[in-house]
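Trainee: Sequence:
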Amino acid sequence: MPVLTSIVKVTGINHCEVKKEIIPIKVLFATAAVHDVYYTDDQYKQWFVSKVLLTTKHGTRIKEVKLSPSISFQPRRRNNPACTTVRDAATDDSIIRYFTVKKVKYLWNRHHQTFEKLRAYDESTMCSYFHETQGLTADELEERSILYGINSIQVSVTPIIVLLIKEVLSPFYVFQVFSMSVWYSDEYYIYATCILLITTVSINTSIYQTRSMQRALRNTIQASTTVTVFRGDNEPCNIQSEDLIPGDVIEIPRHGCIMQYDAVLVAGNCIVDESMLTGESVPVTKTPLPNPKLVKPGEQITTTFDIKEHARHILFCGTHIIQTRYYGNKRVRAVVVRTGFSTAKGELVRSILYPKPVDFKFERDTYIFVGVLAMIAGLGFIYTIILEIQYGEDAKDIALHSLDIITITVPPALPAALTVGIIFAQRRLKSHGIYCISPRAINIAGSINAVCFDKTGTLTEDGLMMQGVVPSEGACFQEEIRQMSDVSKGTLLVCMATCHSLTKIDGVLSGDPLDLIMFASVGWDLEEPGHEESHRFDMMVPTIVYPSVSPDVLKDTIDFADKVDPQPLEEYGILRQFTFSSSLQRMSVIVRQLQSTNFELYCKGSPEMIASLCRPSTVPDNFQSVLSSYTQHGYRVIALAWKPLSSKINYVKIQRMQREQVEKDLLFLGLLIMENKLKHESSPVISQLRDANIRTIMVTGDNILTALSVARECGMVDPPDKIILAEAFYLPGDSTQSNPQLEFVYADDRNRKVEEISTAEDMTIQIDNDPYDKFHFAVTGKSWSVLRHHFPEILPKIVVRGAVFARMSPGQKAQLIEVLQEVGYYVAMCGDGANDCGALKTAHTGISLSEAEASVASPFTSKTPNIKCVPTVIAQGRAALVTSFGIFKYMACYSLTQFISVCLLYWIGANMTDFEFLYVDLILVSTLSITFGRTEAHPKLAKEPPPFSLTSVLPILSLVIQISIQMSVQVFCFYHVQTQPWFKPYEENPDDNYISYENTAVFYGSAYQYIILAIVFAKGPPYRKRLFTNYLFLGNIIACTLVTMWLTIYPPEGALEFLELMPPDSIPYRLLYVGMAAANLLLSILLEMFVLDSIFVRKKCNYYAQKWLILGVHRYAEIEEEIDGCPDWPPVSPSSTSLSNGLVQMESQLSRIDPKDTDHILPPDTDTDTVSCKSSSSSPLKSVSSVEVGLMEEDSVSGQFDLGQPLLRQSSSEGS
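Residue numbering for the sequence shown follows numbering that gives the first Met the number 0, beginning at 0 and increasing consecutively.
Read the hints as simulated data drawn from the structure, not as lab findings.
Mixed in with the good hints there might be a few duds.
[As the list claims (entries may be wrong)] Listed next, the in silico BS3-like pairs over lysine-lysine satisfying Cα-Cα at most 27 Å (straight line): (1) K101 <-> K165; (2) K676 <-> K867; (3) K888 <-> K1098; (4) K862 <-> K676.
Required output: the full structure, derived from the provided sequences and hints.
Mentor: Here it is in structure tokens:
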């Protein structure tokens, strides 16, 4: 009997942190034996069927039977595992009971009597364990291999036979098989064979595309390497990566590898390319996990391993180890913590394999409409049976004729006709350098009314450009220097040459783009010690930097030729690096000029942080205003400082000192200005989309102020529009996170005049005194998490008016798109990184500007890496949607027109002849429906998207009017011919000879209608070019019209015999059919294009449809009206402190209270479960200029000063 139980459903997996919900799951017990089948549903209401399996802890498969008296075990064999029987698996602790759904394993917990997600191996593990473990024993290896399975991210390619069965069993193809069976039984061989060939090609094409996509994903994802592992006796052995188990101790190859697992580094350093996960190709340095047992008294260190907090020590699956560094002959070792789909890469793949299903109304409506046609066919079926019985037809004829009218009413060629239109659209996209791996997505692209853009690499260039430096002397800013050759020799130049974390990999300088650009601008060279750099870790042989030979770089304020020093060029050794920390917002180095006895400290970081560490007497008074003048234009601003160290400090003390001991009392040097230029295509494209009433939204991992600047620069936000920052946070000391706060602050003019009003709760708030100004919301990732968990009722308003979403993790990007879809938007996502995969897959239309992993998750991939492809995809999608709409209406009207013809002829016991059917079906309809879709997209995007609902008022009204016209013409022809003096009525005959005046009149009247309907539904602007530009379609229409007129006016005897026609002898009467066709054409075009398509009729139809049929508008439109109707919302905070100061307060509190939240990777389908965004209640965030601050966070591309950055650019060396 059905039993209700519960199961843990994982809705957010953040490495070792798992958010769990208890949801009802149906469990069906067939018997008392454990052959249970679990029906589980996910957050998208998708149902999955999973069979519960049983195994022993030794890996023996078990089958439970009710009456088995004993248990017997047999050795397990890989290819044919033993299957033993057991009487009661539910109470036997030696038996593991589990099932797998969406690549996640769930185990039965006997104590809680529920299934729970398999715990990650690293959960609740002490950091010291990883340093002490010597490898797995044989027993541990066997037990964990049963629990965790093989280490492989397997993407299966569905067998052809399975795909074939699924395709053939679709309703359309089942009906086609039925139709072809009827036609072959009725000896209608030619058309039936044509449909069979078209169907075969269509099925084969669909199967080929599906398997190609699956193979591409498998080839991109699956990989295997040979790994050196230490097990049992700590002796190394080589195994395949698939055989790795969590807990294995491995050696990282000296020349690097591609990681096939998540592992924690315990010895040595690794330089890693994590672009697969973060979308950034910036190498990062991974350092060993700190060992708590080696920490000195008084030092604080986390003793429990946390994969977020210790991300700087984790080698994530899918990342590329470029190079390793180690002490002498000591091996670079790591401990495997996660394998398979539980890894970072596995979570990314799961988001691709199981995305949110895209529900497109046009596709749903096609089934509804076909159902309506089926009902009409049912009426025709009954009508035919009644008439045939009255005429005394035998049972076989009754069956054939009644079934035949069903095949006439529901067009079997509809899928093929729709597919042809999509193929033409796919080819047009390819001609624009846009490749589509999912043709179904082309129609969906035509309904897009909101587009989300990544920023870096999508709207802006990938790299930064050096803008200049602003030196500070005597606590006063000097003129900006644009040419680095004009920078004087001194501390500022040395700071730019030494304060970085660059390294050479295979002779090529690598590191953070910001550091690379800064170092390249000064024209110095860098040398690193020896082959394996074994002494580098002792820092006795430092990294050396020195000026290049070119004298331009060392040019002083006086001519260089007069100042050249005959001594050797200056050389500085970098003895110690305090690497960048997002919580500290800075990095620093200790250097010494060779042949000098004193050490110096150079520091760079966020301007606000560096200024706070400097002596106040060295910071210019106009620091904030100068800083504001750059940040308001989107420049990256870095502050530089230095100080000489005491002469008492030696090498040993340098290696032991903490950064806090020296990063204070600094001397301010100036500002470094860099620019991340907007791509020149971005602004015109954004303008083009906005002119078409398509919302443009920025969703980026970059900091909020830079994102706001870019949004204004590219035109997403108009200059007069206000931007309000929605900040959600927890108060300091709120450890339970039970009292979240929500504030709205201006990110614009801090001197904006506000108007004070009172609310019903007697609370005073302030708003702008101009309620008609447009405003937009800006949200950070941390605020998004708090809003999503604690203010879900506000979230729809935020996304409807949101323009900028910054510091968003990959999972949060996908969440934003889901919320936009929930309020009624059809959303496109344009990105270029693997970290955009989740969002690309979740969106209705994903457009990748990269040919790497993102292209696998995205239906569209542009060969040109700029956003010009976005309006092209939308325009082609609109043209394809209008084409599909037109073809569907054409095929529906064709079927109903032919249905009317057959019903009229059935009335007298006649029918159309086989070759008349063939002429209509093959010569007219097939050729016209194929060439119909070749009309290209209109170059300009219209302000309104095309209709995509077949069940709305206008499409139904259009079909009813057109069918009424066609029926009127056919009925007129049918009865008018019977009034002529030369008319002879049809007489039934046993040979089924249908030659008659009635048959000919109906054929002539209807033959033109198939051509007329093609013209009427082949609409041009504003979504497609005019019909005359489709030369093949135009020629087809002319040819079909001429042939039909030839058959009408002066048909040759051979054609008459072939088609079995009996035309009237009177030529003027034959011309009557041509005149009727002309009137039919004019009336159809007049009503369709000049009445139904008029703005007045459309508005009236929509008005009365909403009034009488209670059809609601889109939810986002209702929210817009609600916002416009509430001038006192949002309540903007009335204070006037700078936005930047508020952000600094919030972030600094975050770094003190919960620093681990800032240094992690979030998989694309992950919720941010723990939010530690805090703000002081006594100093709330205020309304100010967004630009009055130095960025404490820098672009995610640069990797510097990135508080919310997924991965640190450089691990903390002193931490280990």
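Trainee: Compare the structure with each hint and give your call.
Mentor: Now for the hints, and whether the structure bears them out:
1. Restraint check for K101 and K165: satisfied, since their Cα atoms lie roughly 20 Å apart, inside the 27 Å limit.
2. Between K676 and K867 the CA atoms are separated by roughly 17 Å; this keeps the pair inside 27 Å, and the hint holds.
3. Using a Cα cut-off of 27 Å, the hinted pair K888 and K1098 holds, with the two alpha carbons roughly 22 Å apart.
4. Restraint check: the Cα-Cα separation between K862 and K676 comes to about 21 Å, which is no more than 27 Å; the hinted pair holds.
Checked against the numbered hints listed earlier, the structure breaks none of them; every hint is satisfied.
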